[in-house]
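Chains as they are written, first to last, in the numbering used here: chain A, 1 to 798; chain B, 1 to 158.
Treat each hint with caution, since some may be false.
In silico DSSO-like pairs for lysine-lysine, Cα to Cα no more than 27 Å straight-line [claimed, not checked]:
1) 19(A) - 158(B)
2) 797(A) - 460(A)
3) 3(B) - 728(A)
4) 30(A) - 154(B)
5) 3(B) - 454(A)
6) 613(A) - 573(A)
7) 197(A) - 19(A)
These are computed hints drawn from the structure, not numbers from a lab.
Single-letter residue listing:
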Amino acid sequence: MSTEDTREEELKGVGCSRKRKEDPRFIQGKGNYVDDVKLPGMLVGKVVRSPYAHAKIVSINKEAALALPGVHAVLTAEDLKPLGLHWMPTLAGDVCAVLADEKVSFQYQEVAFVIADNRYIAVDGADLVEVEYEELPVVVDPHHAMDADAAIVRDDLVGKDEAGQGSRKHNNHIFNWDVGDKDATDRAFESAEVTVKQKMINHRVHASPLETCGCVASFDKVKGDMTVYMTSQAPHIVRTVITLLSGIPESKVRVIAPDIGGGFGNKVGIYPGYVCAIVASIVLGRPVKWIEDRIENLSTTAFARDYHMEGELAADKDGKIKALRVNVLADHGAFNTHAQPTKWPAGLFSICTGSYDIPVAYANVDGVFTNKAPGGVSYRCSFRVTEAVYVVERMIDVLAQKIGMDPAEIRMKNFIQPEQFPYQSALGWEYDSGNYPAALKKVMEAVDYEGLRKEQAEKKARGEIMGIGLCTFTEIVGAGPSKACDILGVGMFDSAEIRIHPTGSAIARMGTISQGQGHETTYAQIIATELGLSSDDIQIEEGDTDTAPYGLGTYGSRTTPVGGAATVKAARKIREKARKIAAHLLEVSENDLEWDVDQFRVVGSPDQAKSMKEIAWAAYNNVPDGMEMGLEAVDYYDPPNFTFPFGAYLAVVDIDKFTGVTTIRRFYALDDCGTRINPMIIEGQVHGGLNEGYAVAMGQELPYDTEGNLLGNTFMDYFWPTMVETPKWELDYTVTPSPHHPMGAKGVAESPHVGSIPCFSNAINDAFMQFGAEKHIDMPHNAFRVWKTLQEMGLNKD
Amino acid sequence: MAKTHIQFTLNGQAVETLVEPRELLIHVIREQLGQTGSHIGCETSHCGVCTVDLNGASLKSCTVLAVQANGGDVTTVEGLAQSGELHAVQEAFMQEHGLQCGFCTPGMLMRSYRFLQENPNPTEEEIRVGMSGNLCRCTGYQNIIKSIQVAAQKLQAK
Ligand code: FES
Ligand code: FES
């Protein structure tokens, strides 16, 4: 190995499976999660929740609760009203009740907040709050939300012809959003040789990270400072919202997102519990902790999906797709609290043309209110991308079935070809880079696709049921260019600030926040490669708004595309200054210098060199005339475009025809996320995303009865795969760098969730299609539902 | 509510405290005794993040009352390393990337610690079954299983 290679290896930079920096504290029980925060004089809050999905609040009697020793206060909407805090703005331009104002609109809605000495007394106190309700008719099925006689979910919006995201046509209507050339699409359908149409549901689920949401709010009455420890994926925007709500200057609000026990989209929003804790702390002048329990988590803080879609494809009889049309009914629950970039009511759903060269397309989305918990956040995916990928990946299989073509062949036939990039999609995106045929081919060879199809046919002949699912997805992540994306008017840039110390170690702070992705490890690798300093000497900090530069946070796979790019840019600013210092030290012109792993050396005279460490020292005592001392830089990166990671997945399932139990025999996942920063971490992210996709496709669901009662909100009912059910994952990759990202990286953690859901679903549908199933089978594909299909089709016989 | 005096050994140290009879062991360990390594994920015995070792058996500490630990011997993740040396399960989880957000990790480690004493040389299937009381949302389990296999080797080599 050359010395250059050794020097490079010592940096532990980009491309190396560096062990994680955060692990030593986590394996010794020294993590610092929000619930671990204990401040002197801290009180605990508990939310009183509605048992009804829709009811008038006749009265609230707090007396018995207040009489309980150890209870300090009980807050209701009446108490918040004088402060103007009984309602709060949502990221989607709507408002959301902090505590129910005159009526409740979903089961488990927040009605009162009891503050007590400890968690036990808080719960006792909450039980003693007497609320009298008068039940109202409910709207549960989104398909009936806009019926003429439907109950009105939101009295506060009656008479208003918009709810923050464009005009609406019914009291329960939130918005209509469409994209694409409708007329051209209609024409393509009229003249097509083959058309297919299929309804399908992306059912209501919840991201449910293992740590629930919570906060500790601490208001210092003397200084007027507010500090909030919060499970937040976006602490800076939370600080802005707290300021907008409370009037406390942003400089006096400090939001700290410490270690976070998983987020997956659940921790992007701002929930009533947070606001109650903040208000309680202001009112009582003491720190107040609020941590939701699991039932509260699954029932209230931001569900995902609930997209009722109808997909249509037009094609010629050889399977070449001519047009795509999608109509969606989106159930957003009682308040429009979905967390999308503000101007995008359906998120980035318009990625629904997928990996295919579809000449024209049209998508139309209506959002409606129902008497169910509010949300519609992105569960381990970029905004509404799982929904979009699901519809196109299912539809292409539906089309394949109709014309009797193999699902792999029809994909190959319709892929955007490598030479078409940058590719302009019919719905307005410019895909940055990709090589879809190569990815699918690699997977098919690795699993012996033809062999599998042969085996399937043989099994079928014996009455055994095997399914093969494919998914060749394209994601759109890294929101986003601020001209297209903002949250409450703040552009979706992200930031990095790097400071090199005289002895050559460094500290860097970013506007993003890790929830398990290992940012402390990977950001340091980026800086190591850019600056030639060992990643072991680079300290990464995030999540404290007092110290970190403003950023929009971590969700929608935006950390690497946006925060990572800011980090590269900041490091390169430092390197440019370092070059000047090196030239000064070596008494040569800057142009005579070249960068070499960890030093600047004189071209043609490699012995003359100054290492980054030497330059760092000189930055504090010997800089060229007229240059500022010090070696640091900040970058606020506004990406020119999104990035478009992609992958090719294949699942093989065996279905027990008597019990409906599905065994995942193989799951092969090939991902292309461009440049790979830490392969070990990427693999871990992919494993985790696949398992969450497995959970959604095969069992997770938040089911409601006709009265709006949530029927499964504990881990008893809500499916979380254990090690026993979880399949073995086989991973693979290709590398197609993003041309516009400064290091070619695209982001990866969400692809496996987005890609695996349709893959599993295609496998189940494939299993039944071969036996003549005519209609698409909706998720979740749990044993009972699979068994029902077996029963309906008469397949559960010997 | 009247309080009861209890005492037990926590990570090798004698501790005593006053608790209400209804208080769960996990709350007492975390909130009174300040050992916040063990976490809370459900309080309904499903997730296993509160797993500790009580008198030589794995225990979901949200499942028992603190008074039931009276006179007992409790080990939490904070007590795994001995005289500054990490336990093999800790080393293996770090080496094999068996954790991400770290929230399930204390419970995973405590269950692995006990499981590998129950079955020092487990097959992959046995690991999957023996660890099925512990949920993880981040890792998809594959590297956790690998970590436990590596820990088993490390322990046998000792
Ligand atoms: S908190 Fe004890 S099992 Fe979940
Ligand atoms: S590492 Fe996050 S839950 Fe297991």
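Hint check, failures only:
Hints 3, 5, 7 contradicted; others consistent.
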